[in-house]
Each structure stands twice: as structure tokens, then as C-alpha cells.
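Here the protein sequences line up with chains C, Z and F, keeping their order. Here the first sequence is numbered in numbering that gives the first Met the number 0, starting from 0 and rising by one per residue. Here the second sequence is numbered in numbering that gives the first Met the number 0, starting from 0 and rising by one per residue. Here the third sequence is numbered in numbering that gives the first Met the number 0, starting from 0 and rising by one per residue.
Please keep in mind that the hints were generated in silico from the structure rather than gathered at the bench. Check the hints yourself; a few may be wrong.
[What the hints assert, rightly or not] The list that follows gives simulated cross-link-like pairs (lysine to aspartate or glutamate, DMTMM-like), each with its CA atoms no further than 20 Å apart:
#, chain 1, residue 1, chain 2, residue 2
1, Z, K2, C, E115
2, Z, K86, F, E137
3, C, K37, C, D113
4, Z, K2, C, D113
5, Z, K86, F, D64
6, F, K60, F, E1
7, F, K60, F, E137
8, C, K107, F, E137
[Claimed, not checked] A few chain Z positions that, by computed beta-carbon distances, are all more than 12 Å from chain F:
#, residue
9, R1
10, V5
11, P29
12, N34
13, E43
Just so it is clear, the structure is predicted and the values come from calculations on it, not from any experiment. Every residue gets a Cβ at the ideal spot worked out from N, C-alpha and C, and that includes glycine.
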Amino acid sequence: MTITEIVLRLHANSYYFFAIILFIIGFHTMLTHNNLIKKVIGMNIMDMAIFLFFVAIGYVRGGRSPILEPGVNHTFINPLPSALILTGIVVAVSVTAYALSLIIKLYKHYGTIDAEEIMRIRGGGSL
Amino acid sequence: MRKLLVLFFLAVIMVVLVATVIEMPTIGDPANVTNNEVPRRYVEASLEETGALNVIASIITDYRAFDTLGEATVLFVAIAAVLSNLKAH
Amino acid sequence: MEDVIVRYVSRFILPFVQLYGLYVVLHGHLSPGGGFSGGAVIGASMILYALSFNLAAGSKKLSHDVSSILESSGALIFAGMGLLSILLGGNFLANRAAGIPLGTPGNLFSSGSIAIITFGVGIKVASTMITLFYSLIEEEGHSHDHH
Chain C
0 MTITEIVLRL HANSYYFFAI ILFIIGFHTM LTHNNLIKKV IGMNIMDMAI FLFFVAIGYV
60 RGGRSPILEP GVNHTFINPL PSALILTGIV VAVSVTAYAL SLIIKLYKHY GTIDAEEIMR
120 IRGGGSL
Chain Z
0 MRKLLVLFFL AVIMVVLVAT VIEMPTIGDP ANVTNNEVPR RYVEASLEET GALNVIASII
60 TDYRAFDTLG EATVLFVAIA AVLSNLKAH
Chain F
0 MEDVIVRYVS RFILPFVQLY GLYVVLHGHL SPGGGFSGGA VIGASMILYA LSFNLAAGSK
60 KLSHDVSSIL ESSGALIFAG MGLLSILLGG NFLANRAAGI PLGTPGNLFS SGSIAIITFG
120 VGIKVASTMI TLFYSLIEEE GHSHDHH
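Whenever a hint applies, use it, and build me the whole structure from the sequences.
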């Protein structure tokens, strides 16, 4: 496919493309910075990218929110991906809370929250 | 050296993801593969089978209430794990 | 923090925030919202109270024992509704197939077990937010290890 065809397809599926960009930003944040809290923030950004991708699948053009009115017939969006993402958001919050409590215990034990310094104190090698 | 390796790895992931997204059906198409008979049944039969006007509330608490029970368990276990980590004597 | 304007304004708007959160939880089957978002709003109101005043006043308003009792009762309400459906003769967590009365759609007291399950999830999420905030903020002066 030529470049113009690729750009036109990405413009038609623009929500998926922005979800990919958010995922790459979160992944880069998690790999590059040494601060442990910045790694947790990067993981949260990756979670939000996945949720955006999943909810954008269920969009129907010209549809409304799925709240019924008894008597009026209307096209609604697909309610199933939105209902499945609610569970995912709660799981992301739980993992973030546990990761933050582990960071608190690490700080009390080693005195620093730099990942490379912790590896140096423990005696292992750095990359 | 390490920065170049990270950038190359991220570029490979981005090429694979974009090559997948191009092949997916257009956003907002009513003839999508994901709009099959399951969401149609949930939207049409929700008023007489559950009596709730909110379709998503009737999905997560009536049709698929078992998943919501598992998610309440995940919240509970997360609280137990955080408290046992921070208040250990 | 000790600021006069923050204390005055937060003492003024806190009842409205809690009323709004309670409205979102109780009307979960009629309007957008439900248990999770309403519980997050109620938990955020208690966190605002603990932030604008100091932490001791916040933990005196909602102590640790009360929040743990609220969280356990939220999970027990959910499981109790499922067992009630078994007692009435249907499957686990069934609504109309077990004989629970549905009522007319559009009322507040309608749709059987949906309202009770939404309320249980709402108080569970609110007490989870409050307990997480207090356990992550609290400083203990005597458990610092020197290795």
C-alpha cells in the first residue's frame, strides 16, 4: 500500500492510532526513566491507552448513549465493550495501589527510590 | 547505546501495531463484526427482562453479575494486600 | 494544609458533593453512573475533608474500624443477594427467573436486585478509596529499618 493509502486509513481509524501513540509514550516512560514512581505513571498511561482502544471499538456513527426511553426507538452504541472496561479500570487501580505500597517499603529499606542505585546497593550489575 | 536500543524496539512495536490497525474495519460502521446478535439482544430485551432503563447497569449487575462479583473480590484482595504490607509488625 | 480560604470553601461545598455522590449511586439503574463512579465521588469527598483539615480530624470522622466494617458489609450484601436468589428457587444471582418483583420501569424502587447490588458496590468502592488514602499517607516514626 502506498503512503497516501496508509495515511487515509489511519485518518479513518483515528481513535486506534491515538491509542497506539499513547501506548508507545507510556512504554517509553516506563523503560527510560530511573525513578520508580515515573515507572508506575508509565504503566498507568499504558492502561489508559488499552481502555481507549477497547471502548472505541463499540462506537456506532449516529448512535446515542444506551439509556432507554420507554416508547422511543433509537440506534444506540454497542454497550458491551463499555461494560467490560469497568472491571478493567478497577483492576488497574488495584495494581497501582499495590505498586505504590511496595515503593513505600523499598524507600524505608534502602533510603532511595532510584532503580539503578537500588541495584548497585544490592550488589548486582547494571545494564 | 541503550537509548538507541530502546528506540529501535519501540519503532518495531509501532510498525507492527500500525500494520494491524490498517486492516481493522472502519470506526462507527453499523455492519461491524462486533455488532452481532449479542448486543442486539441485550438492548432489545433489557426493559422487559430486568426493568432497568440503563442498559449498561443491567448488563453488569444482571446478565453478567458474576464478573462484577469477581471484580469486587479483586478490590477486597487489593485492600488486604496493601494493609498487610504497610502495617506488618 | 492550613489555609483559611480552603477550609471555609471545603466546609461549604462538602455536603453538596456527598449528596451528588449518593444520587449517582441510588439512581444507578435510571441514569448514567452506577456503583463505581458514585462510590468514587463519595470517597473523594472524604479525602477532600482529610486534605483541607489535618489528618487527625479526618480519621476521627471516619475511623479505621468503621471503614473496615463498611467494606466487608458491601461485599456481604452482594453475596447475600445471590444466596437470596437460591433461597427463592432460582440460580445464583438471578433476578426475574427467581421471582423477585420487578415493579414498573422508571420508579426508584424497581428492577429487583439491581438497586441493592449497586448500593453494595457503591459503599464498597467508597470505603476502599478512604482506606487506601489513609494507609498510604500515614507516617510511622518507629519502623524505619537501618541496614
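Right, here's what the structure says about each hint:
Taking the CA atoms of K2 of chain Z and E115 of chain C, the gap is about 16 Å. The hint holds against a cut of 20 Å. Proximity of K86 of chain Z to E137 of chain F is assessed by CA-CA distance (about 10 Å); at most 20 Å being required, the pair is judged to hold. At most 20 Å may separate the alpha-carbon atoms for a hinted pair to count; K37 of chain C and D113 of chain C meet this at roughly 10 Å. Proposed proximity of K2 of chain Z and D113 of chain C is supported: the alpha carbons are some 18 Å apart, at most 20 Å.
Between K86 of chain Z and D64 of chain F the alpha-carbon distance is near 15 Å, which keeps this suggested pair within the 20 Å criterion. With a CA separation close to 18 Å, the supplied pair K60 of chain F and E1 of chain F stays within the 20 Å bound. Only pairs whose Cα atoms come within 20 Å are accepted, and K60 of chain F paired with E137 of chain F is accepted, the gap being roughly 16 Å. Straight-line distance between C-alpha atoms of K107 of chain C and E137 of chain F comes to about 13 Å, which keeps the hinted pair within the 20 Å bound.
The claim that R1 of chain Z lies off the interface holds: its Cβ sits roughly 30 Å from the closest Cβ of chain F, which is beyond the 12 Å cut-off. Against chain F, the non-interface label of V5 of chain Z holds: every CB pair exceeds 12 Å, the least being about 31 Å. Once the 12 Å rule is applied to beta carbons, P29 of chain Z is consistent with being away from chain F; the minimum gap is 22 Å. The non-interface label for N34 of chain Z is consistent with chain F: the shortest C-beta to C-beta separation is roughly 21 Å, beyond 12 Å.
Against the 12 Å criterion, E43 of chain Z stays outside the reach of chain F, whose nearest CB is about 14 Å from its own CB.
The structure fails none of the hints (numbered hints given earlier).
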